[in-house]
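Spelled out from the first residue to the last, the chains are:
Protein chains: 2
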Amino acid sequence: DGGSYDAVHDASSPAAGDCCAQQSSAQHDWEMNYQEAAIYLQEGENNDKFFTHPKNAKALAAYLFAHNHLFYLMELSTALLLLLLSLCEAPAVPMLRLGIYVHATLELFALIVVVFELSMKMRWLGFHTFIRHKRTMVKTCVLFVQFIEAIVVLVRQTSHVRITRALRCIFLVDCRYCGAVRRNLRQIFQSLPPFIDILLLLLFFMVIFAILGFYLFSPNHSDPYFSTLENSLVNLFVLLTTSNFPDVMMPSYARNPWSCVFFIVYLSIELYFIMNLLLAVVFDTFNDIEKKKFKSLLLHKRAAIQHAYRLLITKQRPTGVSFKHFEGLLRFYKPRMCARERYLTFKALNQSNTPLVSLKDFYNFYEVVGLKWKAKRNREHWFDDLPRTAFLIFKGNSFCYGFFLYFPDTVVAVNGIWILVETFMLQGGNFFSRNVPWSYIVFLTIYGVELLLKTTGLGPVEYLSSGWNLFDFAVTLFAFLGLLALAFNMEPFYFIVVLRPLQLLRLFKLKKRYRNVLDTMFELFPRMASLGLTLLIFYYCFAIVGMEFFAGVVYPNCCNTSTVADSYRWVNHTVGNKTVVEEGYYYLNNFDNILNSFVTLFELTVVNDWYIIMEGVTSQTTHWSRLYFMIFYIVTMVVMTIIVAFILEAFVFRMNYTRKNQDSEEDNGIMLEKEISKEEVIGIIELYKRSSAATETSQLQKIVLQMDKYGQMSTLFLGRRSRTKSDLSMKMYEEEIQEWYEEHARKEECQTPSQEPAPASNNSLKPLSLRQRSQTVI
Amino acid sequence: DGGSYDAVHDASSPAAGDCCAQQSSAQHDWEMNYQEAAIYLQEGENNDKFFTHPKNAKALAAYLFAHNHLFYLMELSTALLLLLLSLCEAPAVPMLRLGIYVHATLELFALIVVVFELSMKMRWLGFHTFIRHKRTMVKTCVLFVQFIEAIVVLVRQTSHVRITRALRCIFLVDCRYCGAVRRNLRQIFQSLPPFIDILLLLLFFMVIFAILGFYLFSPNHSDPYFSTLENSLVNLFVLLTTSNFPDVMMPSYARNPWSCVFFIVYLSIELYFIMNLLLAVVFDTFNDIEKKKFKSLLLHKRAAIQHAYRLLITKQRPTGVSFKHFEGLLRFYKPRMCARERYLTFKALNQSNTPLVSLKDFYNFYEVVGLKWKAKRNREHWFDDLPRTAFLIFKGNSFCYGFFLYFPDTVVAVNGIWILVETFMLQGGNFFSRNVPWSYIVFLTIYGVELLLKTTGLGPVEYLSSGWNLFDFAVTLFAFLGLLALAFNMEPFYFIVVLRPLQLLRLFKLKKRYRNVLDTMFELFPRMASLGLTLLIFYYCFAIVGMEFFAGVVYPNCCNTSTVADSYRWVNHTVGNKTVVEEGYYYLNNFDNILNSFVTLFELTVVNDWYIIMEGVTSQTTHWSRLYFMIFYIVTMVVMTIIVAFILEAFVFRMNYTRKNQDSEEDNGIMLEKEISKEEVIGIIELYKRSSAATETSQLQKIVLQMDKYGQMSTLFLGRRSRTKSDLSMKMYEEEIQEWYEEHARKEECQTPSQEPAPASNNSLKPLSLRQRSQTVI
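As you go down the protein sequences, you meet chains C and P in turn. Numbering-wise (my numbering), the first sequence opens with residue 5 and increments by one. Numbering-wise (my numbering), the second sequence opens with residue 5 and increments by one.
Only chain C is shown next, with the shape it has when bound in the complex (with noise of 0.2 angstroms):
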């Protein structure tokens, strides 16, 4: 490891020794060392490449302005505006209809807003590494356009085909929030050459059977389907997604019906095998760059860890990072941190007995920071503090708790039967009569009763830290306010009555697959959430280009000509005295909006049909429309793909890790245990105090009270996290990963093999822009 250390720290010392080269007091000094140290680390977390590590003063101070939460949500609400201009813009939402002056003034105003974001961070890069960067080369590139296209829309006073609008996601992609959606996009396009390659399959045997269908079937004057290659082809891509199905059949096997074979064959090769290749393609692409990205992020944390160690360490104690200077950084790294948290962390950093964390021990940084620690109690009960009667009741509770435990389960079940039961028997009609039923009020007042039993019995904190709990919560808050809309007539608020069956999701604590299944539905939830922005971008993008072609195209009984006219049929015609509306409402799937043509995309995603709007909008204009819609339908392919391959990535290395752990006690995240000694403690405050910092000193002080009240000379805490998939992940590649440091290392002292002899390099740990500086230790 030392060399590999070496490496890095010959490397990026200059970077060091600019940033602090003009500063002159020692303690200045170090405040500045911890804040470049607390930078190096969040680099790492955010895996920020190290070329835009700010460089001088002036730099670090366009990077911290640049890097808090009131610029990333100026930024994230800038590109926001700027998405939702579309909603107000020509083909608008009728009620959100802006005027042309308007919309282009609040567009500039955006734009301009992220012309000073994007000087902030030349301020911050400077011209050479700004250059360097390509997506915020991008960025300005697309910024540049769409400034002239406002001034134009703003000068002619009309909007004119404006498909580059299109490019305003790069916008949101850009923002520090989204840098999972990033990581999406990444992937995505990684895993691109390996599906183009089968996608390419793929057509190959569409153009043939195309031939082929064209040869067999359009001697057949009944048969629409083959009657010209272009048809033939078109339709084999629409059965490819088998939105045509028995239909592009019939007429053929009306005349043979060995014409079958064709279709069965066809379907066989492409949908049930070339489809299926396809998703194993993706799937081990996708596995292969999950690991890749791990192992780079793993090593970069690691560099990353090892500049911020360089920074903190001093001439005279060269093996360890001191409390002092550990609790600097941490001020920088997470300010929110209170003192005795900054100490624990530190104590569950020091595997070793000295005062000092050596760099081995500093590794662990990120998987220590993250722990939230809290002192373990000694008491069994939150109520054994209350006063001896309160205490009685409340143990009295926590007795009944037990013995109901199944109790409200079964409960759930009998409402879910009863509601079930309950909505048989109502035929149409209003259901909201005007008396309650009393059914209702029976299972609201068993939860109610089930709610405070609980809570009185676990106490309230603990009651609201299990998601369950709050989930039993909100659905009987939900139960309770909807039983006051009926009781008080408030007709609007009738929809949450409509949540009642919600309640039967509590049946799904019993089974323990099923919780599972939950659990990592919800470890999952971020990255799938990121990846359904990911869907939205795509989807932003072929909205404006739908709104400015389409728009207008499809409206009731356009597409007479075309053979899907009676889905866009209406007639209003009255039989006897009755008047029949014969609707085919699919007029409605239009790109008049971007509200509409964003349900129509999910309906294009959704595939069933899909031939159906692209036959309307190709009837009403030109056949190259076509080539839009299948785009679509390949782009959402991939990227539908990629969440398969995700969910079924994701699900398969948890199952797997379970039953790798399977004697292991089921998990509550990651914990640690660490004590604290009085004398510690006093000795916390008394370095606090040198540095006169009253609040930490006040908040110690209270534990050391805390010690004395109950006469104990330590106080056990407990660090606790939930897990994470890194954490999966680092368990899953264990032995890989010293294989990975190990070749790491070796690379890097390949790199810089001729500055020092790497045997040597264990006894020069220092770095050369530390020797000026005064060296303070506790």
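Among the hints, a few may not be true.
A pair counts as met if it fits within one copy or between any two copies, since identical chains are not told apart.
[What the hints assert, rightly or not] In the EDC-like style, the derived pairs of lysine to aspartate or glutamate whose C-alpha atoms are separated by at most 16 angstroms in a straight line are:
(1) K299 / E746
(2) K515 / D201
(3) K380 / E345
(4) K328 / E35
The set of hints was computed from the structure by calculation and includes no laboratory data.
Knowing the structure of chain C, use the given hints to seat chain P on it.
Coordinates of chain P only, in the frame set by chain C:
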């Protein structure tokens, strides 16, 4: 290993004793041993449990009678006859209709053959084992029911509702040749428990959403999809298959655009999350089962080898099997193997330099016995043996062949584009003009010349040994036949011309990934075929049930009262002076005979618009018919999910394997080289002469003559076989396999500790039953 061996030998020695106690002559004794060892090895290969091993001479005779291809073929043809009878029974295919008397007699005949087969099996297994064997017992029960029903039909002269015909499949499943189908079915049933768990989750959410949907949308009277709770449930089930997607949303969407949220949330949860979860769970279970299956098969094979080994060693030489005994074994195990191959197999197994094969070497039996041995030629070209003049011509060709390596692919590509353009130019009409297009002749000539060059360059045998060349050959032949058909105007053969585009498939040789995909496809083909057959068996069951209940219920204009009336319409009306036929065609998707049922079921499998078929049938029968369709959907979902999981698993496995062995050269299957010296061959000849095997002797003498001709003292032989899934698995689980062996050995040691002290076991390798035999060694 000693321990594990002993355990096996102790457990099974009574069986060997029983089988051979009655024999007296030493040679006959040995022959019996060879045969029994061969039977053990076959049982190991076929994964037959050892408790069905023949226990005495009578059982052995029955075993031999029931274990040869003639008997297997009889089994298969009887089962097929029984299945095919449904083509001719009651709702028969019109052309194949048979009188009740005829088909009932045929059925009785087939059933009697099955009775005969079962009685043979009983003779071989003994009554006790027969009763214990579950599959055979089920078969017997089904046979009994079928018998009674066939007699009832024959007596009443009319078919009753015979749903039990669906059980006929069991006769096919029980066939020796359908082992793969049995394994698939077992795997499907093993994957069921987790599948059902997730399915319940799916159905649960469906019920919740059905109640919600009913409350939300039933007040809208123009929305037929949610008018009752039953409708709501059915339509959400159909929505799960996306089959009615935008339609089911449209009435409510037209009323309130925000109602789309209900459908989007439903589809996101059910279709995009839980359905994928289903795939993940099945994929995971499937992988797990696959590994366990491989492990148990591996251990079973090992046990079989131990049994066989125990029967082949002698008292004097307990440490290995001599060639004489090995040869005796192979005579029974692979009767078609020639003497040279037997000796080469022996040499390949024997890794020590002693004349005996030890148990450790013998464990490789299954890997080695499949090798095909070929003398390695010293000649460069196949025509080196031909006279001088011919040699020169072929030599030149061979040179040309190298030159033209990439030419043919270019021609194929050009031809492909040509066909595409040509087809695009054609616009309907009769394509088969009398004059053959010149392009056809040009391309065919080029292909012909290429074929000739390749054949002469590589030699006819080697040319046809490559799958791709065979494909080229077949396509060129077809094209030639098509030309003849065109030239001589033979209309029925025009279909051959239509197959021309298949030539384009040759382009897939060009890219490595495609070659890999296609190679994997061919490797997977047997397994895929067995999965397909499994699906067909499910189809058969459902087709029989469908025919019994729904035959004849669907006809043109049948369903005018249902919501899908349009699809079943058949109107023939006159507009002006033209007859316009409006066809809905869906009446063709019926259960009127078994072929139609199969097509209908395939359409249901593809899922798109399946609800039209369901609603059509339901409107003519009862609500409960929906259950049939829904159950069919769920069953095909299971099977299709498993097929997807299988394809995924196979490809991911293969890709992982390729990645792991990236550095090794392209694999051409398993290869092994062995050198045989002249002395060895002469030694074997002596051996065969002693046992007076004339054909073997003459065969071997040819090798000696060949050696003499070229003046060699030894010949190098090359053994080769294609790589199987088992080889890949062996390599993948390399590390774990050793653990399995050890664990297995430990387990067996624990089971038999009282019989013999473990450390001493190495000295008593010989089974008791061998003691009374005379020992002859070469």
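Here is what the structure says about each hint:
| no. | hint | result |
| --- | --- | --- |
| 1 | K299 / E746 | within (13 angstroms within a copy, 34 angstroms between copies) |
| 2 | K515 / D201 | between (43 angstroms within a copy, 9 angstroms between copies) |
| 3 | K380 / E345 | within (14 angstroms within a copy, 76 angstroms between copies) |
| 4 | K328 / E35 | within (11 angstroms within a copy, 87 angstroms between copies) |
The structure agrees with every numbered hint stated previously.
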